Amino acid sequence: MIRFLLTVLAGLLLGGVVHLVSVLALPYISSQDAYSRLARITPINAVTALPPADPDHAPIPFLDPAFANAICRYDLSSGPIKLAVPVSQAYTSVSFYTNNDIAYYAINDRSAGRKVIELDLMTEAQHAAVPEDEEITAADRLIVDSPTATGLIVLKALAADPGLMAQAQASLAAATCKVQGDAPAKPSDRPQARR
Amino acid sequence: MRLILTTALILVLAAVVGLGTTWMTSTRGTDLGTLTIGAWTARPRSGTTEINPYARAVIIRSGELPIGTGDGIAFIANTDDSKRPLDGRCDIKVDGITPPARFWTLTLYDAKGRLVANTLQRYGFTSEEIVRNADGSFAIRIASRARAGNWLPTGGIERYQLVLRLYDTPVGIATRTQRDAPMPAITTVGCP
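Chain order of the listed sequences is A and B.
Using the working numbering, read the first sequence as starting at 1 and increasing by one per residue.
Using the working numbering, read the second sequence as starting at 1 and increasing by one per residue.
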């Protein structure tokens, strides 16, 4: 009897270990998470408009149907990304996710405070390689550090009523998400002259 | 022989218990780090890198992207204020005011996070299109048949959930109570 109880106890303890390991491993083995789903339909380092959410097909669940959405799936291995998103009439936001769907940064049009949300996305190593004086002269440029080399940028524009959806989509269609040349090696090569 | 049986029992038990609890927590979620106001529940840390492993498991399993903290916060309700599950065949009222935010949206999803088909193609309301009372409060009627005023159709599905998303809002990790974030009440008015 005691032997049986010990067996059960050992099973429960090992079950606890299995539970912890499986919860922690889930993000790394799932193929149904948002990043994996969107990776199948989006090219790398380009802005892709998502179709408006509707009951029959939504690229991912729980999308807000009041928003126009676009995705830039990035890969920083060939250099930092330069993102420019024109602000729409109502509300525009840019959210950053790692390749494991962790939201590490988000900014909206008001905190960006401009007509265009402009920022540079780079890994911590690339950020460290940016010459310091340049960082000062370009102080009005926002730099975001990505914890992973790949991930997602989600661009959203609110259509405050359904009639404004076309306008919201049009403002996102003008957004760009590009690798910025061979930077950050040579500061003079950077296409930063505008503004 | 006995050793093999014992080992097999331990392994089977461990697999059932371990994977079973993982499945339960990643499907239903846990109360870790939740902010509950009335029938509404939010996970303010899900939009940050401090998200807990259980909340992560839920997000990974459902395939959604959590709303980033610099963007806003999402409150979910599966039941009315008296803990009764939201039923699409019933007549349900959502009324009151919302916490301060530049914009908000209220959306109706089925249990898996899909929008619910209806002839009006109305899946929710935004703060701009809602019809308000003179004092700024509003009332939304959620029912399968048409209602006067702000009507949100359910398509008659059995279970649904409401998501109230606040955009550009001070509500977040520091929010604790109804006083900081007055959420609208959810009442089941009647069932056929």
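No wet-lab data here; the hints were simulated from the structure.
Owing to the predicted nature of the structure, the values given are computational and were not obtained by experimental measurement.
Heads up, the beta-carbon is just placed ideally off N, CA and C, and yes, glycines get one too.
Be a bit skeptical, because a hint or two may be false.
Unchecked claim - Output of the computed footprint for chain A on chain B, the stretches with three or more beta carbons under 8 Å from beta carbons of chain A:
id, stretch
1, 64-71
2, 100-111
3, 120-128
4, 140-154
*Check each numbered hint against the structure and report the violated ones by number, ascending.*
4
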